[in-house]
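Chemist: In case you want the letters, here they are:
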Amino acid sequence: MDRLIDAATASFMLGGLSLNLASCDPRLQPSLARACGCDLDADGGRLSICVGRVQGAQVLGDIVAGAAVAAVFSEVVSHRTLQIKASSAVVRAPTRADHAAVDRYLERFATRLDAIGFTPRFVSALFSFDAGDFMVVEMRPEEIYSQTPGPGAGQRLQAAA
Amino acid sequence: MKLGLDNIRPCLEGGIPGVLATCSPDGVPNVTLVSQVYRADAEHVALSFQFFNKTRENILANPRATVQLIHPVTAARFRMSLHYERTESAGPLFERMKAQLSGIASHTGMNGIFHLRGADIYRVVSIEALPGPVIDQPACAGTPVPGLRAICQQIVAITDLDHLLEVLLAELERHMDFRHSMVLLADAADRKLYTVATRGFSSSGVGAEIPLGAGVIGVAAEQRTPIRVSHATAEYAYSRAVRDALLAQGQVESLETEIPFPGLPSPRSQLAVPIVAADALLGVLYVESPVDQRFSYDDEDALLVIASLLAVKLPGLSEADDDAADDRGGAEPAATGEDPSAPVTVRCFTHDHSVFIDNDYLIKGVAGAVLWKLLSVYQQDQRVDFSNRELRRDGSLRLPDIVDNLEARLILLKRRLDERCPFIRIEKTGRGRFRLVVTRRLVLDGQG
Numbered sequence: 010m011d012r013l014i015d016a017a018t019a020s021f022m023l024g025g026l027s028l029n030l031a032s033c034d035p036r037l038q039p040s041l042a043r044a045c046g047c048d049l050d051a052d053g054g055r056l057s058i059c060v061g062r063v064q065g066a067q068v069l070g071d072i073v074a075g076a077a078v079a080a081v082f083s084e085v086v087s088h089r090t091l092q093i094k095a096s097s098a099v100v101r102a103p104t105r106a107d108h109a110a111v112d113r114y115l116e117r118f119a120t121r122l123d124a125i126g127f128t129p130r131f132v133s134a135l136f137s138f139d140a141g142d143f144m145v146v147e148m149r150p151e152e153i154y155s156q157t158p159g160p161g162a163g164q165r166l167q168a169a170a
Numbered sequence: 178m179k180l181g182l183d184n185i186r187p188c189l190e191g192g193i194p195g196v197l198a199t200c201s202p203d204g205v206p207n208v209t210l211v212s213q214v215y216r217a218d219a220e221h222v223a224l225s226f227q228f229f230n231k232t233r234e235n236i237l238a239n240p241r242a243t244v245q246l247i248h249p250v251t252a253a254r255f256r257m258s259l260h261y262e263r264t265e266s267a268g269p270l271f272e273r274m275k276a277q278l279s280g281i282a283s284h285t286g287m288n289g290i291f292h293l294r295g296a297d298i299y300r301v302v303s304i305e306a307l308p309g310p311v312i313d314q315p316a317c318a319g320t321p322v323p324g325l326r327a328i329c330q331q332i333v334a335i336t337d338l339d340h341l342l343e344v345l346l347a348e349l350e351r352h353m354d355f356r357h358s359m360v361l362l363a364d365a366a367d368r369k370l371y372t373v374a375t376r377g378f379s380s381s382g383v384g385a386e387i388p389l390g391a392g393v394i395g396v397a398a399e400q401r402t403p404i405r406v407s408h409a410t411a412e413y414a415y416s417r418a419v420r421d422a423l424l425a426q427g428q429v430e431s432l433e434t435e436i437p438f439p440g441l442p443s444p445r446s447q448l449a450v451p452i453v454a455a456d457a458l459l460g461v462l463y464v465e466s467p468v469d470q471r472f473s474y475d476d477e478d479a480l481l482v483i484a485s486l487l488a489v490k491l492p493g494l495s496e497a498d499d500d501a502a503d504d505r506g507g508a509e510p511a512a513t514g515e516d517p518s519a520p521v522t523v524r525c526f527t528h529d530h531s532v533f534i535d536n537d538y539l540i541k542g543v544a545g546a547v548l549w550k551l552l553s554v555y556q557q558d559q560r561v562d563f564s565n566r567e568l569r570r571d572g573s574l575r576l577p578d579i580v581d582n583l584e585a586r587l588i589l590l591k592r593r594l595d596e597r598c599p600f601i602r603i604e605k606t607g608r609g610r611f612r613l614v615v616t617r618r619l620v621l622d623g624q625g
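These protein sequence lines map, in sequence, to chains R and P. Using this note's numbering, the letters of the first sequence correspond one by one to residues 10 to 170. Using this note's numbering, the letters of the second sequence correspond one by one to residues 178 to 625.
It should be emphasised that the hints constitute simulated quantities derived from the structure, not laboratory data. The reader is advised that the hints may include incorrect statements.
[Said to hold, decoys possible] Dumping the calculated DMTMM-like pairs for lysine to aspartate or glutamate here, alpha-carbon to alpha-carbon at most 25 Å: (1) P:K179 - R:D34; (2) R:K94 - P:D203; (3) P:K275 - P:E265; (4) R:K94 - P:D529; (5) P:K490 - P:D478; (6) P:K275 - P:D203; (7) P:K591 - P:D529.
All of these numbers come straight from a predicted model, not from anything done at the bench.
With the rest of the complex left out, here is chain P (with noise of 0.2 Å):
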């Protein structure tokens, strides 16, 4: 079998350098040291261009490298003949690059003089195994196809959004153990990602935001490509990315930044993986693991199958809830649950719509606006039921992203009043439809 770049993955994570040889015109070789050497595709490698130095200015001369692999569990040891093609200085493989260089320039304390000038882009001419003993793999280490077909088959049925994204993280659990993870989902006219299910967290951190570009997350979703950290790493650091995102734009000012972030405190390996249909992107999955090397190419490849799946799910489960609702839920009167105690001030600031239960936050932006709607007609009408559809045609709302965010938006709600609001409920009553239960008098303060 002629071996490709996809038979020796292992080699490619950047557990042992690999060497690198080049050779000037006139004929004067040079070797040194690669941190790692990078799939870019299947036909294609990328070494990262730091520095200028001799490797440079020879591959520029003369295109032909070679450069020699070790992989890191069995010893077998690659020769590879390489063409210099290109440089890339910017994109989705210089920042896939960028990201994994930087975990493995902290891991090895090299932070500060490991700089990504470049992704120089060699097509592979040649593979050679080179002759002696290997060392088995253990049994254990099998592929995540088993998993992966368990946990597509029970997504693929489910048709409810909340239910489903449930299902998926626990699932990754079981079937993966991804133990740390969580789905976010775009807001395209903030340019931003908000988390709408978590777990395996101290808290669920449902709510929290993510400006385009900043951390792991942000730039899977900015660049549209899998980013994938093998190591610890200050440099994406979620605090150190917000704020330089903050610093850099300048605009986020509609950024949740009450809700803290769910994840790990130092996290030693992170996988991102943009949820993309067609050209929109819907959102991200995220999985994250205090133990270094924990996320391996097949695993990458493991989450985008599933981000695919998702993406041609997400549109559809909104479309539905909006063909099965009525125009209009029930006009029932409100359960008379209410307890008589002191009644409880609700108040919004309409100019972020953000929402404060007696001077608690709960959540702001379209979820604030939903819910602020949402109370003002219980307490003007006594209605409790309601379906996606009215929300989704009411001009009072006016949010630009209204109609393709507005199921996860709700989930979203759902979630923050679970965790921080015994009083006030949302529940599920049917496709598209759910109805709203409150169980303690309110006052509703609304402020410009």
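Chain R extracted, bound-state conformation (with noise of 0.2 Å):
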């Protein structure tokens, strides 16, 4: 079976990008929350996204009630953005592991949004009270897109087999 997350995308994604997630209720309103952190395993056939309990508890609620997600992961200065779906996911608690991946991804995070005149302060306002409770969710990943602004966003990349 070809890899849908190869490598190079794999270490793309890990890179401290601009994450969030979404689903849906079953009056088809969308639900939405900023990530505080993402993993992948070593195959990449399985990614988790760390989203705070509080913020979250609409697209966490959603997928618990077994709503497909969708995940966009963009790239702050080259714009370079992917956008991840899968039909269901799994909603669990936090491992050492994924508050492991949660401090990484806000140390990469921060540094690309340093980069471009956000301040340190600025990025913990956002995230620390996420980090402080989160939730992980867990899905294999069914659908890849590319997202970069352009006539070619949409453009679907690569399918499972």
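Assembly of the complex is requested from the two constituent chains, each provided in isolation within its own frame, with the hints serving as guidance.
Modeler: Here it is, written out as structure tokens:
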């Protein structure tokens, strides 16, 4: 089976990107939350996204109820953007490894934001509440799309076999 | 307190991209970044429609959307539920967004990639403040309201247009730190604006003209809507805008192109606000800055208030002048202060009323025609005192918009003379009256 997320894409995704997660409720109202961390297993087949429990209450609830998920990864300077979709996901409590992933993510994202003028204090204000109390959304990526701005945005990159 | 759009305006400046989630009728979510969530009015936002994509497909089938925003200073986070209503592909809102997007595109290296096809309008269903710490705003980040109050109090008391314009631009610098400003007035017949007062530029540029629809100023005038751009944008640069307008219209032969436009070489922030009375466009109040994101929604509000006051005041100033004036100025003989040195030739080409002083271009159009008239009367009758009213009634000028704009044209003429011609002056002698002061011998040469 071809890997949906190859090593280069995985490295990009884990590089401290702007990361948001969406789902929807039975009335088709979209739910949305900014993530505070993510991780991929070694073969790129399992993606974990960390979301603050309070801020993400709606999106976590929708996922628990069985709704599909979409996650967008965007590099703030280049605007290179990927969206990953899965028809379902599980919500679980964080492990020690997830806490380490959140720390790594925040450090990398802060470095990227610092380069464009946002202070560590700003980044800390943005994430400290979520990072103190988060849940993990775990999914098997099924579709991946390029969303880098331009006419090619929305193009499906590769399908899982 | 229930949060409204105007409580979160800094989030709508395009400083930090928003995140937009939609979903298809079969429940598949889609999430994407949006360069700016734009305030359309107090209850609606607009998002740029640039490409046919999944978001668009989703909202056409299921109008529900959710967007998340970050305050660029405090880091406060907000989430809004939206309901898609319609798409506009022309008009004031579209043009406001197009100009703003053009600035964002240049700033983010997306020139030529961002292209606005439409403004998707969404009703704001609810706004939720997300929990988390926020950074205190610096105390100096106050509102412009006290400055606005001071400026309005000053200009409301002034009864002379020339003085009013000068005070206005000086007070904008003093109270709001707007260091580069100008007022342009409308020439409705020729679909253009002419610069009548400026402050903070290397040359005054009084007399320079802009076609309606060209650049930030021309678009603000044509659409009668404020246009605010927060970054440098070549698309709206004056030179290009005028060139494009000339190419597109092919008819702006009367446009003043000899007097260079006085703007900064490459402004990084621009804000143009139309001065509109009832249905009539009177002009544009314009400020610019070499700094990115210099002008906020609050600044736009403040300039709009001032423009509203100008819209009420400007017509009254001309009428007051007219009422105060005699039918004719006094018939005193000319002052005999003429320099005995060689005469100066003043040439007027009657097809466009362009006036040259010893081959140096001075002015054309209405102001040129008025000057030629004054100089002709001066040469023939030695008369130096004139009234606005007699010019208004002068059939020989036969200029379509002179009734509306005479006072402004006289200011323009006076300033051009002050800048370019030390031996001809116009001095105000009372309301609606002025004196022509000539200190060299003139030879008038009218050319068909």
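Chemist: P:K179 and R:D34 were given as a pair; does the straight-line alpha-carbon distance stay at or below 25 Å?
Modeler: Between P:K179 and R:D34 the Cα gap is close to 24 Å, so the pair holds against 25 Å.
Chemist: P:K275 and P:D203: Cα distance at most 25 Å?
Modeler: With a Cα-Cα distance of about 33 Å, the restraint between P:K275 and P:D203 is violated, given a limit of 25 Å.
Chemist: Does P:E265 lie within 25 Å of P:K275 when you go C-alpha to C-alpha?
Modeler: holds, 12 Å
Chemist: Between R:K94 and P:D203, does the CA-CA distance stay at or below 25 Å?
Modeler: holds, 14 Å
Chemist: Just to be careful, I want the Cα atoms of R:K94 and P:D529 compared with a cutoff of 25 Å; is the pair within it?
Modeler: Violated: R:K94 and P:D529 sit about 66 Å apart, past 25 Å.
Chemist: For the pair supplied as a hint, P:K490 and P:D478, is the alpha-carbon distance within the 25 Å limit?
Modeler: The hint holds at about 19 Å.
Chemist: Does P:D529 lie within 25 Å of P:K591 when you go C-alpha to C-alpha?
Modeler: Given that 25 Å is the threshold and the Cα spacing comes to 19 Å, the pair holds.
Of the numbered hints listed earlier, those contradicted by the structure are 4 and 6.
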